[in-house]
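Knowing the structure of chain A, use the given hints to seat chains B, C and D on it.
So you can see what is in the structure, the chains are spelled out below.
Number of protein chains: 4
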Amino acid sequence: MSDKKINVAMIGQGFMGRSHSNAWSQVNKFFDPPINSVLHTVYGMAAEKPNIFAEKWGWLHSSTDWESLVKSPEVGLVDIVTPNFMHSPPAKAAVAAGKPCSCEKPISATLTEAREMAEAAAKSKVDTFVWFVYRRAPAVAFAHQLVKQGAIGEIRHIRAVYLQDWADESVPFAWRFKKELAGSGSHGDLNAHIVDMTRFVAGLEIDTVCGAVAETFVKKRKIIEQDSGGGIVTDEKMRYMKEDAGSAKLGDVTVDDAVLFLVKYNNGAVGSYEAARQATGNQNYNGFEINGTKGSIKFNFEDMNHLQFYDATRPREIQGWTTIMCTHGGSHPYVANYWPDAHLIGYEHGFTSMAYDILLKLAGKTPTVPLPDFNDAYQTQRVLEAALVAANEKRWVKLDEIK
Amino acid sequence: MSDKKINVAMIGQGFMGRSHSNAWSQVNKFFDPPINSVLHTVYGMAAEKPNIFAEKWGWLHSSTDWESLVKSPEVGLVDIVTPNFMHSPPAKAAVAAGKPCSCEKPISATLTEAREMAEAAAKSKVDTFVWFVYRRAPAVAFAHQLVKQGAIGEIRHIRAVYLQDWADESVPFAWRFKKELAGSGSHGDLNAHIVDMTRFVAGLEIDTVCGAVAETFVKKRKIIEQDSGGGIVTDEKMRYMKEDAGSAKLGDVTVDDAVLFLVKYNNGAVGSYEAARQATGNQNYNGFEINGTKGSIKFNFEDMNHLQFYDATRPREIQGWTTIMCTHGGSHPYVANYWPDAHLIGYEHGFTSMAYDILLKLAGKTPTVPLPDFNDAYQTQRVLEAALVAANEKRWVKLDEIK
Amino acid sequence: MSDKKINVAMIGQGFMGRSHSNAWSQVNKFFDPPINSVLHTVYGMAAEKPNIFAEKWGWLHSSTDWESLVKSPEVGLVDIVTPNFMHSPPAKAAVAAGKPCSCEKPISATLTEAREMAEAAAKSKVDTFVWFVYRRAPAVAFAHQLVKQGAIGEIRHIRAVYLQDWADESVPFAWRFKKELAGSGSHGDLNAHIVDMTRFVAGLEIDTVCGAVAETFVKKRKIIEQDSGGGIVTDEKMRYMKEDAGSAKLGDVTVDDAVLFLVKYNNGAVGSYEAARQATGNQNYNGFEINGTKGSIKFNFEDMNHLQFYDATRPREIQGWTTIMCTHGGSHPYVANYWPDAHLIGYEHGFTSMAYDILLKLAGKTPTVPLPDFNDAYQTQRVLEAALVAANEKRWVKLDEIK
Amino acid sequence: MSDKKINVAMIGQGFMGRSHSNAWSQVNKFFDPPINSVLHTVYGMAAEKPNIFAEKWGWLHSSTDWESLVKSPEVGLVDIVTPNFMHSPPAKAAVAAGKPCSCEKPISATLTEAREMAEAAAKSKVDTFVWFVYRRAPAVAFAHQLVKQGAIGEIRHIRAVYLQDWADESVPFAWRFKKELAGSGSHGDLNAHIVDMTRFVAGLEIDTVCGAVAETFVKKRKIIEQDSGGGIVTDEKMRYMKEDAGSAKLGDVTVDDAVLFLVKYNNGAVGSYEAARQATGNQNYNGFEINGTKGSIKFNFEDMNHLQFYDATRPREIQGWTTIMCTHGGSHPYVANYWPDAHLIGYEHGFTSMAYDILLKLAGKTPTVPLPDFNDAYQTQRVLEAALVAANEKRWVKLDEIK
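Chains as they are written, first to last, in the working numbering: chain A, 64 to 466; chain B, 64 to 466; chain C, 64 to 466; chain D, 64 to 466.
In isolation and in its complexed conformation, chain A is listed as follows (with noise of 0.2 Å):
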C-alpha cells in the first residue's frame, strides 16, 4: 500500500454522495493506487444533517460551509455531486482556489455554465473530471478498446438510447421535473450519459444534428405534503411515493419527458439519440449499438457485464452476433481488481474504478481508459443544446453554431 495520501472533500451527499463515498473507501482495498484516497470531510446543508452521513460512510468530518472547506489547504481534491444546478459554484471555486475537481454529470444546468467551467479548468490547468462513470463499465471500456483497434472497421451507424419508465403519472412533483433545479428532465439526465459514451466508444464528434424532437407527456404533477427537514424531495422517496389522495395542488412540469434526435459524424457516419423516462418495461436502458464496415457492437446497461460483437471478418458461415461476458481478468479492463473470472459486478464498480483512474491521474499517470474532463461535458453539453434548438426551431443545427 502506498503512503502517499490525498484528502477528498465531498460536496453533497444524496444517492451519489453514498455511490461516491463507496468509491473513495474501495479503491484502496481493491486496487494498490499510487496514492490512498482519505475520506475527508463531507459538506451537506445543516438540515441535510452530514454529520450522520459522515458517521455512517466513514468521513472524518462533515461540514455546512463549502466556500471555506473547497479552499482549505487540507483538501486535496473537490468531487461535487449536489444537484445540477448546484455544481457549478463550487467546481469554480475549487479549480480557482487551484484544486483538482471532480463533478457530477451533467456537469451544469446551464451550457453557459458548462462553457465557463471548462474555460476556468483551462486557465488554471488543474486537473478536472466528470463522473461519466458508464465509460468505466469493463464491457463499454472494452468495446472502446475493439472500436480504437479497428475491429469494426470505418463507423456508418450509431444508434443510442437510454430508456428508463419510472415516470408515469402516479409519480408526484420533485426537483427532477423543474427546469431551474434540473436544467432539463430525461435529456441532461440520460442523453448526456449516452452522448458522451457514444463519443467515447466511437471517437466520432457530432457535426451537424439533422432533426430533433422534445415532448412532455405529464405536463402536471401533484404536489406532495414535504418532509420536515429541510423540504427537499430526494431521489428515492420520489420514486417510491404515490399520489397522496388529500393533496389537490398541482406543479407545472417544465422540463422534457422524452428527447429524441439525429445526427450527422465529422466521418460521415449517421446516428440517434433517444432519452425517454415513459419508455414502459425499460427500467435503465443505457445502450448503444454502432455498425462499421468490419464489424458491430451492442451494449445495454441493464445487462452491464456483457458486450455483443459481430465480427464481419470471420468466415460467413459462423458469423453472429458473439455475446463476451466482459468478465475476465487477463484481459477486460478493471476485471482483476475485483473477483475471480465470470463473478459479475454491478453498478458501483464503475465509480470505484473512475476513483482509482483519478488517483492515478493525480500522481501523474495516464490511465487505461480515457477520463473524461470539464471540456469533454462541455462538448456533451453543446450536443444537447444543438438537440433543443433543432427542436425549438425545427430544423438542422450545425454543431458550430452553438458555443
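Calculated from the structure, these hints are not laboratory results.
Just to be clear, a hint being listed does not mean it is correct.
Since the list gives no way to pick one copy over another, a pair counts as held whenever it fits inside one copy or between any two copies.
With a straight-line Cα cutoff of 25 Å, these simulated DSS-like cross-link-like pairs (lysine-lysine) come out [what the hints assert, rightly or not]:
(1) K67 to K282
(2) K186 to K424
(3) K424 to K119
(4) K283 to K357
(5) K285 to K357
(6) K134 to K282
(7) K285 to K361
(8) K327 to K67
(9) K92 to K119
(10) K112 to K211
(11) K466 to K188
(12) K68 to K424
(13) K282 to K357
(14) K361 to K424
(15) K67 to K242
(16) K327 to K461
(17) K68 to K119
(18) K68 to K327
(19) K92 to K327
(20) K327 to K457
(21) K457 to K242
(22) K68 to K92
(23) K119 to K428
(24) K112 to K283
(25) K424 to K134
(26) K282 to K112
(27) K186 to K361
Positioned in the frame of chain A, the structure of chains B, C and D alone reads:
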C-alpha cells in the same frame, strides 16, 4: 373443399413470383378458402422464359403480353410482382378493367403513381390489396390485437427499424441502386414496411416528420458483365456476386443506403424510423418497439415466431418482458392452419395467410386481420415522401403538406 | 426439371400425412431433384376417408388396402406415417417386396420389431430411411458439419433434452397414453429424436447408460366420448380437448411422462438425456449442448433457425457464445433452395429437404448430410431400451447387453 | 446506527477472505444491522503474512494462532474461510467454545466431518451458518418466495447445473486437484451449491439418487515451480498460470472433473444435477430450472440479476417466459439496501446481505430469507455422498442409506 374457383394472373416472376406462386398453391391445402385459387397464367418478358417458370411452379399458362392478360375475361384477380417502377401500369389497367388487384410493395416508384393508383381504385370500387405481408406474421397480427384491446394503454413511444447488411462495397451495381428503376433505396424497400407495420399495429397516423437524414455511403459501384438472358441482374445474383477483377466500369448509385426520420403521431406520441442496408450484423432486422402507459411490445423479424410483451398492470415484482411464442393454434392468428402448437413457421407463410384473406375478401367476408389496400399504401408513400422532403429541406414537414 | 419420376405410396395420413404430402409436393418446386416425386396413392382406413385427404393434398389415388399397395408395381417408394405400432407390418412388407421404404420415427413400438426391420432391410438391400427430420434443420445440419471439421475439438459433454408441456391433467386419455399403441410415452416420442440428433451431430455412440429414471405423473386420465369416425382420438383433438364434465370413466396411463438417463460415450465423454411432457414453459424445447476441448455448440428447436457456437480458439477477450442465424444460402445447408438470406424457414422444411435427399439417394447420389436408415433407428431404439432397463433394474446398463 | 458491536475473527484469508472482509465492512454502511460487525482479527499462517492482509482490508489485528483466537473472550463470531480440509478443526473448536460460527462451503472435505460438525452444533446450541451465498442473490431469494407462495404449483421437474470451463489441460496441478486437500473436485465445489440452492428454492428433499457418473478427463497435470512464500498455489495463480516448458513433473489428479446424477424427490418429482469444469463456454453457469403444474422458474448466475418466470395461469395467448429484472427496491429482497431500482448488483453483494442476516440472527431476529446452518450443509453433503456411492456402485442409492 369449396367448388368455387378464381383464376389468378400473376404479372412478373423473380423472387416475389416464387413467393406468390407458393402462396396461391398452398392456400388451398392449408386453409379451406370459400373460393379456391387457380394458378392460371404467369406473365414474363420473353427473355425471362415464363413458360419454364410456369412449369416449375404449377401455372397452367404463361404469357408475354400483360396488357391483354389483365383484361382477359378468364382472369379473376391480377397479382403484380414486377419491379417497383412497373407496378403502376398493370395495376391501373387491371382496376380500369374492373378486376380486383393485389400488388407488391411499395406500390410505386413515385408518390404521384401511388396517388393515381389509390384514386383509380376508389373510383372503380374493386378490391385492391398490397402485399405488406409482415402484418400476417402471427406475432405481428397478435401484437395488433393486443394493442387494439388496450393491453398497452395509451401509446407514448414507437421505435421502428428495418436493418440489413448486404450492401457493402463489394456488391456490384444493379437495378436496386438506380433511382429510375427502384424509386428509392432502403427507404422504399425497408421503411415502407415499418411504416405500414407500425400504422397497423399501433393504429396511429403520423402527423409530422420532425427531421430526417438520408445517406448514401457507397456512391459508386462496379458494373459487372450482364448475363445473356435479358440483361437483368436479379436480386439473388446481386447478393452473391462479388467484384469482378476485370471490370473497371463504375455506376453512380442514385438511391439512399440509409434513411432515418423522427415523427409525432396524431395522439401526441413520438417515434423514430430507420432503414439501412449496411447495418452490419443485422441481416433482416425488421423490428419495432411500442411503449404505452400500461405496457409495451417488441418484435423483430429475425425471430419472427416470438413477440415480446411487457405488462405493466401485473404486480410489480413479477413484471418483465415476456417472450410469447406465437404458435398456439387455439389463440394466435393463422397458426391453427399450419402445424401443431409450437412448430415454427417461416417467411413464406405470411404470403399464404394473406392469400387466404384475399380469397375471403373476394368472397365478401371480412378477414380478422385487416388487409392493406391501395389507399393504405398511398398513405405510407406520403410518409416516405414527407421524410424525403424533411431530409432535403432540413426541416420539419407536416403530413398535410404532402398530397 | 428432371423427366424421371417416382411414384410414392403413403401409408397413413393424420398430422404426419400432411407433413409428408407437403414435402413430396414442395420438393419438386424448391429443389431440382434428379427424380421427381409423384404423389401417387395415399392409404387410410375406410373410416378415415382417404379419398378426401387425397383430394385436399393432391394425391392422384387413395386406397384402403395397404397390403396390395406396398406390392404394386406402380409404386416406387413406400412412405409410412401410421401410429408407431403400425410401422412394422407395412415396412417389412415393402422391404420384402424390394421397395425402398421411408418410415416415421420411432420406427417401431418394440425393440424386437426395430431389429427385425433393420435385419430385413439389410437382407433385401433396398434403401431405407427414417424421418428423423431435425437432422435437416439447417442449424442442426451445420452443427454436424462444424463438429466433423473439428471446430469444437474432442467432445467431453453432451446435454440433450426434449421438453414439452402439453400433457397436464386436463388432457384426456388417447392412444398416446397406451403402451400397446404408442410403445412408450415421452421416451419413444421425444428421447428418440434427441438420441438420433446427438448421434448425428456428435458422431459418437453411447457405450453405457449410467442410471435412468422414468416417471408417470398423471396415472389416470378421463376417457372422453369418441367421435363417430372410427373412434380414434387424433393428436390435434387430444391437445385441444379439455375435460368433459359429464364423463366419469378413467383410463390407466401405461406410458411414461418423463424419462431421464445418463450416459458414457465410446470416447469417454459423459452425457444426459431427458424427455418430458409436463415441463411447463417448454412447448417444443428440443435441444442439445455439446462441449468440446476447443469449443461448444448449442441448439433448441424453439429457435430453430439459430445455432449457438462458442469458439475457444479465438483470442480470450472476444470469446463468447455466437448466435449464428443459419440462413445464409452461400454456406448453410438447404437454405439456398428456399428464400433469400435471412428469411426464416420453419418446421415443414425439414421434411421437404429430407424428401430431396431421399430422391438423391434413390438416384444413386450421396446427399451432403447423412440420411438415417432402419439400422440407425434400430441403434437409437437400443439406447432407449437400455435406458428402460436401467430405470427398471436401478443400475447401469452396457449397450452390449441390448440386442 | 446501532451502538451494539460484535467482534469477528476470520480464520483464513485468500479469495474468500477478501469476499468476507468486504462483507463485514460493507454491511454496516448499506444496512442498519441491530449489531454492527467489527473486523477484529484475521488469522493466517505466518508465511501468508496476515498482518499485510489486515492492513489492506481493515482488520484491527492479525494472528497466526487460530486455536487461541477461536477461544478468545473478545471474539463474538468465528468466520471460517480456509481450504475445505481445514474447516472442521476451527469450526468444532469454536462451537465447543460456545461461539457462533459461520463457515465456507462445502463445510468439510468428508461426510464424517460434516456429520460431526452438525452434531457439535446441535449439542452446543450456538448459531451456525454456512456461506451458501447464492441463496441471497435477489433473483434466487425471490424465486424461493415465489415457489413458497405456490406460484408454480406442484413441482414435477428440477434441472440444476453448475458448469465452468477453467480446467483445461493447460491448467497446472494445485490443491484443488488433490483429494486429501479438496475433498472432491467439481462435486464438492459446484454440486454443493446447486444441491443447496435447489433445496432452498424448491423446498424439497432428495429421496433417492437414481444413477450417477463421475469422470476425470485430465488425469495428470504438470507440477509447476512453487513460489517461495509458503509453497501454496492459490486459486488465482492457478487459473492464469500456463504450462512451464521446463517442467516435466506430473501430478496425479485424484478428484473428479465432472459429476452428474439423477434424483427423485420426496414429492415424486424427478431431477438432474451436473457439475463440470470443462464445459467450454460456461464460465460460471450456476443455474436451475424448476417446472411445476402452474408455472416454472429458471435462473443462471451468469445473468444473476434476472429471473425467468413462466406463469401458466395467465391466459394462454400471453403465456411465455418473463424475464424479471430483480432490482426493484420495493419488492425484491435486499435490493433497497443498495442502489436505486434497476442498478445492477454483483457477486459480492450476496456476502454482504448474508452478513446482515447473520447479524440479525445473532440479535435474536429471524431473517426473511432462511439461513443455512451446519445441519443444512450436512444434508447437502449426504446427497453428494449418495451420488458418489451411486457412481461407484453403478446403482440407485436411497438417501436413508447415507448417514
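So, going through the hints one by one against the coordinates:
1. Neither within a single protomer nor between protomers do K67 and K282 lie at most 25 Å apart by alpha-carbon distance, with minima of 53 Å and 49 Å respectively.
2. Taking the shortest Cα distances, K186 and K424 sit within 25 Å of each other inside one copy (18 Å), while across copies they are farther apart (57 Å).
3. Taking the closest pair of Cα atoms, K424 and K119 come within 25 Å of each other only across two copies (22 Å); inside a single copy the shortest separation is 29 Å, beyond that limit.
4. Taking identical chains as interchangeable, the C-alpha atoms of K283 and K357 lie at most 25 Å apart only when they sit on different chains, with a minimum of 19 Å there against 48 Å within one chain.
5. Proximity of K285 and K357 under a CA criterion of 25 Å is satisfied inter-copy only: 20 Å between copies versus 51 Å inside one chain copy.
6. Taking identical chains as interchangeable, the C-alpha atoms of K134 and K282 are never at most 25 Å apart, the minima being 42 Å within one chain and 59 Å between chains.
7. In the homo-oligomer, the alpha carbons of K285 and K361 never lie at most 25 Å apart, since the shortest distance is 39 Å inside one protomer and 32 Å across protomers.
8. With identical chains, the CA atoms of K327 and K67 are never at most 25 Å apart, being 46 Å at best within one copy and 57 Å at best between copies.
9. In this assembly of identical chains, the alpha carbons of K92 and K119 lie at most 25 Å apart whether taken from the same copy (18 Å) or from different copies (6 Å).
10. Taking CA atoms no more than 25 Å apart as the test, K112 paired with K211 passes in neither setting, with 46 Å inside one copy and 42 Å between copies.
11. Taking identical chains as interchangeable, the C-alpha atoms of K466 and K188 lie at most 25 Å apart only when both belong to the same chain, with a minimum of 21 Å there against 59 Å between chains.
12. For the homomeric pair K68 and K424, the shortest alpha-carbon distance inside one copy (14 Å) is at most 25 Å, but the shortest distance between copies (39 Å) is not.
13. Taking identical chains as interchangeable, the C-alpha atoms of K282 and K357 lie at most 25 Å apart only when they sit on different chains, with a minimum of 18 Å there against 45 Å within one chain.
14. For a Cα distance limit of 25 Å, the shortest separation of K361 from K424 qualifies neither inside one copy, at 29 Å, nor across copies, at 44 Å.
15. In the homo-oligomer, the alpha carbons of K67 and K242 never lie at most 25 Å apart, since the shortest distance is 43 Å inside one protomer and 45 Å across protomers.
16. For the identical chains of this complex, K327 and K461 are neighbours both inside a copy (9 Å) and across copies (23 Å), given an alpha-carbon limit of 25 Å.
17. In this homomeric assembly, K68 and K119 come within 25 Å of each other (Cα to Cα) both inside a single copy, at 22 Å, and across copies, at 14 Å.
18. In this homomeric assembly, K68 and K327 never come within 25 Å of each other (Cα to Cα): the closest approach is 45 Å inside a single copy and 55 Å across copies.
19. In this assembly of identical chains, the alpha carbons of K92 and K327 never lie at most 25 Å apart, being 44 Å within a copy and 46 Å across copies at closest.
20. Taking identical chains as interchangeable, the C-alpha atoms of K327 and K457 lie at most 25 Å apart whether they share a chain (17 Å) or sit on different chains (12 Å).
21. Taking the closest pair of Cα atoms, K457 and K242 come within 25 Å of each other only inside a single copy of the chain (21 Å); across copies the shortest separation is 29 Å, beyond that limit.
22. For the identical chains of this complex, K68 and K92 are neighbours both inside a copy (14 Å) and across copies (23 Å), given an alpha-carbon limit of 25 Å.
23. For a Cα distance limit of 25 Å, the shortest separation of K119 from K428 across copies, 23 Å, qualifies, whereas the shortest one inside one copy, 32 Å, does not.
24. For the identical chains of this complex, K112 and K283 are neighbours neither inside a copy (32 Å) nor across copies (63 Å), given an alpha-carbon limit of 25 Å.
25. Taking the shortest alpha-carbon separations for K424 and K134, only the intra-copy value of 21 Å comes in at or below 25 Å, while the best inter-copy value is 47 Å.
26. For the identical chains of this complex, K282 and K112 are neighbours neither inside a copy (34 Å) nor across copies (63 Å), given an alpha-carbon limit of 25 Å.
27. In this homomeric assembly, K186 and K361 never come within 25 Å of each other (Cα to Cα): the closest approach is 38 Å inside a single copy and 50 Å across copies.
Hints 1, 6, 7, 8, 10, 14, 15, 18, 19, 24, 26, 27 from the earlier list are contradicted by this structure; the remaining hints agree with it.
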